[in-house]
Every structure is written in structure tokens, then in C-alpha cells.
Amino acid sequence: MSGAHPESVKDPLAVGLGALGAGAGLGGACVTLMLLLIRMVQRVEIGRYGESVSELDPLVFGLLAVALAAVFGWRRSQALENLWQRGVITVLAAFGTLLIAILAVPFWHYLRFPGLLVLAAASLILGLSASRWALAGRGHGDEGRGTGSGA
1241 MSGAHPESVK DPLAVGLGAL GAGAGLGGAC VTLMLLLIRM VQRVEIGRYG
1291 ESVSELDPLV FGLLAVALAA VFGWRRSQAL ENLWQRGVIT VLAAFGTLLI
1341 AILAVPFWHY LRFPGLLVLA AASLILGLSA SRWALAGRGH GDEGRGTGSG
1391 A
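This note's numbering numbers the first residue of the sequence shown as 1241 and each following residue consecutively.
Incorrect hints may have been included.
DEER-style ranges, computed between Cβ atoms [unchecked claim]:
id : residue 1 : residue 2 : range
1  : 1299      : 1361      : 20 to 26 Å
2  : 1323      : 1357      : 19 to 25 Å
3  : 1357      : 1294      : 18 to 24 Å
4  : 1307      : 1353      : 21 to 27 Å
5  : 1297      : 1361      : 24 to 30 Å
6  : 1298      : 1323      : 30 to 36 Å
7  : 1350      : 1322      : 38 to 44 Å
8  : 1372      : 1304      : 35 to 41 Å
9  : 1304      : 1368      : 18 to 24 Å
10 : 1293      : 1369      : 37 to 43 Å
11 : 1353      : 1299      : 18 to 24 Å
Because the hints were derived from the structure by calculation, they are not lab data.
Where is the CB? At the ideal position from N, CA and C, for every residue including glycine.
Working from the sequences, and respecting the hints, build out all of it.
Here you go:
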């Protein structure tokens, strides 16, 4: 006879909070890195032409970062079987990214480029450590999942 399989999710709270932190942190890092890139391009253009002449739209890049946050949150919450919980985590990860983007305003206003670099580094550290937490919460039951080996 076959032995009982361990639970596929050892700690759903760790998976959920880790996925939320990973989505918000990595999405926030994307937002701040995109802001840095846009500000550097604008600075070069102002130095060269006296005004910003590019058509870079920060809102488009910000929406892209929010979409990436949703993808990060969805992927890291894969161990959860409840789609409703995964959807809530995804939406909250996108909202967390928007909060980090709002935090970028005072960082830029008071500290300029070093401030955005610090915020990007902090967001990246948050995202990577939360991602590791989500993976650790999966337990050991996910290795054989979906392989088709029954009995």
C-alpha cells in the first residue's frame, strides 16, 4: 500500500504572507527602478536641450510594475489551493506596490537619486526575503505534485 502523502501546504499563512510581501516588494522595486530610469533620462535631456523632450509616460511604466507585482503574488501563492485566497493576495500585492510608489515621492523630494536607490534596495530585499518565506511555507509535499504518478 502507499503511505499517506503529507499535506501539500504545510503553512498556508507563511505562503500567503510571503506571496503578498514578494509581490509588493518586487513590484515596488520595479516601480522605483523605473522611476530612476525615467528621472535619469529626463535629467540628461534637460542638460542637453534645456527641457525634457521625451514622451516617456511614468503612468504606463507604473502600471507595468503593478501588473508585475500581481504576477509575482500569483506565482508565489501557487501552493494555496483556494483561488479566492490567491486572488486576494494578488490584489493586495498590487495595492502594496502602489503604496511603495507613493512612498517614492518623499524619497525623491528629499533625497533625490540616492533616496530612490535606497527605496529600490529595501523593496528588493523585502521581496526576496518574503519570496523565500513563501517557498519555505510550502512544505515538502509539492515536489511530486502534478507528475501524474498515482497509487
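How the hints compare with the structure:
Taken as a hint, the range 20 to 26 Å holds for the pair residue 1299 and residue 1361, whose Cβ atoms sit roughly 24 Å apart. Checked against the hint of 19 to 25 Å, the C-beta distance between residue 1323 and residue 1357 comes to roughly 37 Å, which is inconsistent with it. Separated by about 22 Å at the C-beta atoms, residue 1357 and residue 1294 satisfy the suggested range of 18 to 24 Å. The given range of 21 to 27 Å is respected by residue 1307 and residue 1353, whose C-beta atoms sit roughly 26 Å from each other.
Between residue 1297 and residue 1361 the beta carbons are some 25 Å apart, a value that agrees with the proposed interval 24 to 30 Å. In this structure the supplied range 30 to 36 Å holds for residue 1298 paired with residue 1323, their Cβ-Cβ distance being about 33 Å. Between residue 1350 and residue 1322 the CB atoms are about 42 Å apart, so this pair conforms to the stated range of 38 to 44 Å. In this structure the supplied range 35 to 41 Å is violated for residue 1372 paired with residue 1304, their Cβ-Cβ distance being about 25 Å.
Our hint of 18 to 24 Å for residue 1304 and residue 1368 holds, since their Cβ atoms are close to 20 Å apart. Under the hint 37 to 43 Å, the C-beta atoms of residue 1293 and residue 1369, about 40 Å apart, fit the expected range. Between residue 1353 and residue 1299 the Cβ separation comes to about 21 Å, which falls inside the hinted range of 18 to 24 Å.
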